[in-house]
Amino acid sequence: MIDILIKNLPIIVVLCPLMMSLFVVLIPNIFFSWALTTLSTFLTFLFSILLYQEIQIHSHISYALGKWMPPIGIEYIIDKVAIIPIIIISGISFLATIFAYKIMPEEIEKKSISKVYSLWLLAIAGLLGLVTTGDAFNLFVFLEISSLASVALVAMGAHQDKQALVAAYNYLIIGAVGATLYVIGVGLLYGVTGTLNMADLTNRIADLNNNRALIAGFGFMIVGIMVKAAVFPLHIWLPRAYAYAPSAVSVLLAATATKASLYILARILFSIFENSENLINNTLLFVILPLSLLAMFAGTIMAIYEKDIKRLLAHSSVAQIGYITLAFAIGTKASIAAGFIHMFNHAIIKGGLFIAITSIGFYIKRRVTINNLSGLGREMPITFFCFVLCSLSLAGLPLTAGFISKLYLIKASISSDGIWLAILILISSALSVVYLWKIIEVMWMREGKKIVKKENPAIYISLIIITFLNIYFGLDASLVVNGSFEAADKLIGDLK
Amino acid sequence: MISSTIGIWNYWIVFCLMMIGLFLVIGRKNLLKKIVGLAIFQTSVFLLYITFGKIKGGTPPILNESIDTIYSNPLPHVLILTAIVVGVATTALGLSLVLRINSEYGSIEEDDVSAQDLVDYHDDIETGKNFDLKFKK
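Residue numbers (the working numbering), protein chains in the order written: chain A, 2 to 497; chain B, 2 to 138.
If you're looking for bench data, these hints aren't it; they were derived computationally from the structure.
What you are looking at is a predicted structure, and each value in this text was computed from that prediction instead of being measured.
We put the CB at the ideal spot given by N, CA and C, even for glycine.
Heads up, a few of these hints could be off.
[Unchecked claim] Using C-beta positions, here's what the derived DEER-type ranges look like:
#1 A:LEU51 to B:SER67: 47 to 53 angstroms
#2 A:VAL435 to B:SER108: 48 to 54 angstroms
#3 A:ASP490 to B:ILE51: 38 to 44 angstroms
#4 B:SER67 to A:GLU278: 54 to 60 angstroms
#5 A:LEU16 to B:SER67: 41 to 47 angstroms
#6 B:ILE51 to A:LEU27: 45 to 51 angstroms
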């Protein structure tokens, strides 16, 4: 019994939320639909932990879906790279589901709660499928499953604020164009290579030096995925979608959605096209590096001038995605490892910040703008304390998770491209203190009306867990760091 | 020259449809027309895949006794069946969002909608009237 489970883990991780979403929609009761959702996200998290242990033994698991052997059939690949986003997605989605218990019924009509949870699980299943699949076209299907479900989830914010509809609409249109561009790229690659399996694509691309259709296909794929990952000029959908989505949905999307796409970006750059080095080096140097630097500063500056806190955090996400793509763009083993470290750390940091801010929104019953926050730090000490710790982590102070990722990022950039990249990273991190301090100052230093009576444990429990993770991975980062270095090792091998 | 241009006739059609679709998505201010543009854009990709699958003189891929039969590739058709389903879902979701936007905003013109949004956004910022509060000594 347990053998069969272990053998089929790669597909079970995806199927668990996917199948449960069908059952959840049938349960009209608010509590039970939430309980089933929690159960399935917990099981998914459990399975991904099991998968992590399997990976430590086998280091590469290839699963032939329906016993159709790759490259003909669809292959699911779990290796040391894929396990990082799997753990992030399943872990954060479990925490976000716990957080959703109290806050979801406040923001969404009672009758549509079970449908929302069903969409919630669908989005998680889509993201997990995205990172497990080893088939380029199957990836598109999961990309669309996750993005359609997230669009519908964002649109659920319309019960509170009608702007959620426009945000969801923009997300849908831009996301669909991005996904279609990706499909065009896959089509061109299929046209010249005749295969859709990623490992097989890697081998066959090696024989096609500088084929024009290949280069065009690469361009389409990269741009399509960059839209989904919200890399700087293609990020327009992100701030609004995160700002107007229901609270729990913001937490889920901010912490997981772009991470999966960033992982796919790394996969395309360093795994599928590993044999066309010229193409990749030019792309990294002339496209991804400048865009990431722009993202770092544009995102931070937009965040400084923003007054709506959820939007502020979303703009800061754009900047943080810039750090991750910058790490990829440097292209050495150490820097890619730094990218994965920051991917993990950013998920827990931004998850924590969004939980803190949206639970403040829950208590004050209005949009969280900078002026609404006055004096709330004194009334909600636990939430405020966790918010401050997560902010410190985002700014990169020692003893927090954010410090570890900044440290490795700066180390990697100094050892490869010289000092100027490191200086730019430091300036951008220093700027991020400006917007974080703005919030903390208003919450603590100013006097406000008494609004909040008592903090609700059901809401702050997940915040405390995620803040604890921030501190824990700041003190003992060996798990994340070793995992990321193994992933980078696996991705670019001994080439560099 | 001419024969090679006509020989890739399908690709020209794909190219034209793709650009028409993308132009509609970017250029039109009407939210409904954007959805139509998106559908055209996606359809052009379907055509692109189908064109890859066709081989001149190829038969349908049904096993044939004779040795030198050329088969057309059936895989792109299967892929496109999936992509059509995705496209339909996208269009349906988009149209339902447009419907909701129309009932909430009373318009589906992008300019009207974003003008209303801008007003709302500033209202949100200003309603928290806590500018006057002093720092605590």
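List of violated hint numbers, smallest to largest: As far as the earlier hints go, 2, 4 and 6 are violated by this structure, in ascending order.
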